[in-house]
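Quick note, the sequences are listed as chains B and Y, same order.
First residue of the first sequence? That's 1 in this note's numbering, and the numbers climb one at a time after it.
First residue of the second sequence? That's 1 in this note's numbering, and the numbers climb one at a time after it.
Keep in mind that a hint or two might mislead.
Same chains, same label: a pair holds when it works inside one copy or across any pair of copies.
Stated by the list, open to error - Straight line, CA to CA, 30 Å or less: simulated DSS-like cross-link-like pairs of lysine-lysine:
(1) Lys60 with Lys249
(2) Lys163 with Lys249
(3) Lys218 with Lys60
(4) Lys323 with Lys123
(5) Lys60 with Lys246
(6) Lys60 with Lys323
These are calculated hints, taken from the structure and not from any lab test.
These are the residues of each chain, in order.
Protein chains: 2
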Amino acid sequence: MRSHYYRERLDKCSHLMKDMELDAILLTKPANMFYLTGDGRLCAFAMITKEGHVALGVPKTDVEDVKQFAHFDELMGFEDEVGMIHTIAHYFEHFDIEKGNVGLEYTFLTQSMMAMVTHPHAKPKEIMVKDCTHIMSELRMIKDDDEIERIKKAAKVAESGMKAAVDALKPGITESQVAAEAEYSMRQAGAEEFWRSYVSSGDRTNIAHGLPSHRKLKQGDLVMIDIHPIFNGYSADMCRTICVGKPSKEQHEAYELYLKAQQSTIEKVKAGIGVGELEVAMHGVLKDAGYGEHIFGPPIHGVGIEFEEAPLPPGHAFFHGEKEPEPLEANTVIAVGNCGLYLGNFGVRVEDTVAVKEKGHEVLTGYPRHLEL
Amino acid sequence: MRSHYYRERLDKCSHLMKDMELDAILLTKPANMFYLTGDGRLCAFAMITKEGHVALGVPKTDVEDVKQFAHFDELMGFEDEVGMIHTIAHYFEHFDIEKGNVGLEYTFLTQSMMAMVTHPHAKPKEIMVKDCTHIMSELRMIKDDDEIERIKKAAKVAESGMKAAVDALKPGITESQVAAEAEYSMRQAGAEEFWRSYVSSGDRTNIAHGLPSHRKLKQGDLVMIDIHPIFNGYSADMCRTICVGKPSKEQHEAYELYLKAQQSTIEKVKAGIGVGELEVAMHGVLKDAGYGEHIFGPPIHGVGIEFEEAPLPPGHAFFHGEKEPEPLEANTVIAVGNCGLYLGNFGVRVEDTVAVKEKGHEVLTGYPRHLEL
Numbered sequence: 001m002r003s004h005y006y007r008e009r010l011d012k013c014s015h016l017m018k019d020m021e022l023d024a025i026l027l028t029k030p031a032n033m034f035y036l037t038g039d040g041r042l043c044a045f046a047m048i049t050k051e052g053h054v055a056l057g058v059p060k061t062d063v064e065d066v067k068q069f070a071h072f073d074e075l076m077g078f079e080d081e082v083g084m085i086h087t088i089a090h091y092f093e094h095f096d097i098e099k100g101n102v103g104l105e106y107t108f109l110t111q112s113m114m115a116m117v118t119h120p121h122a123k124p125k126e127i128m129v130k131d132c133t134h135i136m137s138e139l140r141m142i143k144d145d146d147e148i149e150r151i152k153k154a155a156k157v158a159e160s161g162m163k164a165a166v167d168a169l170k171p172g173i174t175e176s177q178v179a180a181e182a183e184y185s186m187r188q189a190g191a192e193e194f195w196r197s198y199v200s201s202g203d204r205t206n207i208a209h210g211l212p213s214h215r216k217l218k219q220g221d222l223v224m225i226d227i228h229p230i231f232n233g234y235s236a237d238m239c240r241t242i243c244v245g246k247p248s249k250e251q252h253e254a255y256e257l258y259l260k261a262q263q264s265t266i267e268k269v270k271a272g273i274g275v276g277e278l279e280v281a282m283h284g285v286l287k288d289a290g291y292g293e294h295i296f297g298p299p300i301h302g303v304g305i306e307f308e309e310a311p312l313p314p315g316h317a318f319f320h321g322e323k324e325p326e327p328l329e330a331n332t333v334i335a336v337g338n339c340g341l342y343l344g345n346f347g348v349r350v351e352d353t354v355a356v357k358e359k360g361h362e363v364l365t366g367y368p369r370h371l372e373l
Numbered sequence: 001m002r003s004h005y006y007r008e009r010l011d012k013c014s015h016l017m018k019d020m021e022l023d024a025i026l027l028t029k030p031a032n033m034f035y036l037t038g039d040g041r042l043c044a045f046a047m048i049t050k051e052g053h054v055a056l057g058v059p060k061t062d063v064e065d066v067k068q069f070a071h072f073d074e075l076m077g078f079e080d081e082v083g084m085i086h087t088i089a090h091y092f093e094h095f096d097i098e099k100g101n102v103g104l105e106y107t108f109l110t111q112s113m114m115a116m117v118t119h120p121h122a123k124p125k126e127i128m129v130k131d132c133t134h135i136m137s138e139l140r141m142i143k144d145d146d147e148i149e150r151i152k153k154a155a156k157v158a159e160s161g162m163k164a165a166v167d168a169l170k171p172g173i174t175e176s177q178v179a180a181e182a183e184y185s186m187r188q189a190g191a192e193e194f195w196r197s198y199v200s201s202g203d204r205t206n207i208a209h210g211l212p213s214h215r216k217l218k219q220g221d222l223v224m225i226d227i228h229p230i231f232n233g234y235s236a237d238m239c240r241t242i243c244v245g246k247p248s249k250e251q252h253e254a255y256e257l258y259l260k261a262q263q264s265t266i267e268k269v270k271a272g273i274g275v276g277e278l279e280v281a282m283h284g285v286l287k288d289a290g291y292g293e294h295i296f297g298p299p300i301h302g303v304g305i306e307f308e309e310a311p312l313p314p315g316h317a318f319f320h321g322e323k324e325p326e327p328l329e330a331n332t333v334i335a336v337g338n339c340g341l342y343l344g345n346f347g348v349r350v351e352d353t354v355a356v357k358e359k360g361h362e363v364l365t366g367y368p369r370h371l372e373l
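Construct the entire structure; sequences and hints are all you get.
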């Protein structure tokens, strides 16, 4: 990506840091480092000062590699955890930050990682810590053209993965083997990586997080396939529910109702609408049909570097350290259909990645929405 | 698994909790819940009292499914985060725990998850929190026969994945496509899941965490392939480094040295030896050959439900909330070869999963260790 993007992002970040009286933020979450510097790798950190200076710490093995990707002012390699702590201390000294506030990623740092980055040998005692989660969310929420293009390509990759998975459906194949087809196809179609795939079947379509198991598909089973490829650092999110064979009347009716709820919610997507409004709309269709007790999960979330990111629905946002989202702006990208309709012996769900436009929206994941093969 | 295993594990857990003056532990990490109850799923929790009672909270959609897998005394479904908080509060009241100490997983809980499970509507004010990471590590460290069998099967699955990846190596294929071959084969061979695969090539073999990229293999490249299948809940960990074509003298020498270090360290593995001793042994071979500045990463870690778990080397353990490990006991399973030898323009690494025996060891991952195809 061209470097002026990073300058603009850092400038915007500086403004948000000043609003929160932060002197620096210390990032360890790869997605956030990737957004602000162009490189997000494991076991590394980025310190960003309120003046917009970027200092990176990476494993000493990675120093040359990171130079090819990252935009930064300072770079140091470290040997191990102790080295990482000392590198953090060095940067606080280098930037002359002795007191004030540093922002940390409360939704990412475990207790033990928190203890490490705030260790007395890392962080000067008089620097206080604050949560900077919502700064990063606010920065990443509205996508630029280059980001939208990457998400579109990830969506195409998802279509390829879904086709391979659906083509493989037949009695006797395991859920894990269905996932194998989707994942193999996504990597062949250009995904460098993917987030965890969900494939559940039969009774298991009723559970909230259907990770693939050894369960073998049976004639008449529903199969729920939810995939999330990553293309050049950006993700798409798509779920389809398919019947192996002829669906029962109950399966058919539940599916048609869900699809109506999802599609009519997508129809409402445009700049200015709130995530909460979309949630109410989607739940409304299901509730009006008498299925209010069978809904589970928030129907909407953002999509970008992560397949689930801000904006989150108001209820969810609170517990994820996020602010209640503002009305959606153009070039936000969301997934619609993250909640399921769960009837006890089976569940249905259809989810698509949708870009918010000034006067409407664009559905990026175009794979057909047919219950029958 | 037969239920007496869970009774024994809970009894042992009770003893460790009493030593730490814990009245209960509250688990949300799937690996820990799986070990103590037989079921570990996302967005769920298990409260274990010092008397060994098990209370589960799961998404309301999952109540019937969890009954098929988990050993428990109490089970409740919840609707959302608020419901989860109230379910936790309900169990504290049900078990009559109004004060005292509750153990939490400090190496797993983010700041925001911590805020949720200790929310005033979840945890009574007079209950204090402590880190229970090392209780779970101590419980999980020594494997029973059933666990060893599962890890052996995971190791066989890893061999199948490695063969598929190595067979696919040729100039022009991307790192991501190599990963695709390994992952596809592992699922076909019976893995229900796998942890993140690492495939790096050329210059990228020098970086610490080589996630697959779009880089295309070239003649003369080294390719580092590190895979971690999961079979019936248990993992194996294997890494191989292979040359596409004829290795250079420098590549060949570095590889042979590394293999000597790794194999001679494996030779030392038996009950009674310390992880620190093995670390010193492995580093020793590399240092004696003049490569001390080119080592990165801890050479040894445990393998089990997770592909990286306790025991960790002493230095690493401190930062992961673990105690310094005791000498290894029989039926501990470790990976040997987690550190790499990084020469700047390339790196080499060979890693195997090894079961500790009373009078020696058993190497579980048998794929050939040849640099050349």
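Margin query: One pair to classify: Lys323 and Lys123, alpha carbons no more than 30 Å apart. Within, between, both, or neither?
Written below: For Lys323 and Lys123, both the intra-copy (27 Å) and inter-copy (24 Å) Cα distances are at most 30 Å.
Notebook entry, point to check: How would you label the pair Lys163, Lys249 (within, between, both, or neither) given a Cα cut-off of 30 Å?
Noted result: Intra 25 Å, inter 46 Å, cutoff 30 Å: intra-copy only.
Notebook entry, point to check: Taking 30 Å as the upper bound on the Cα-Cα distance, should Lys218 and Lys60 be classified as within, between, both, or neither?
Noted result: Between copies only: 25 Å across, 52 Å inside.
Check: Is it within, between, both, or neither for Lys60 and Lys323, if the alpha carbons may be no more than 30 Å apart?
Finding: between (37 Å within a copy, 26 Å between copies)
Checklist line | Alpha-carbon proximity context of Lys60 and Lys249, limit 30 Å | finding: between (61 Å within a copy, 25 Å between copies)
Item checked: Copy assignment of Lys60 with Lys246, given that the CA separation must stay at most 30 Å -> Close across copies (28 Å), not inside one copy (58 Å); limit 30 Å.
Hint violations for this structure: none, all hints satisfied.
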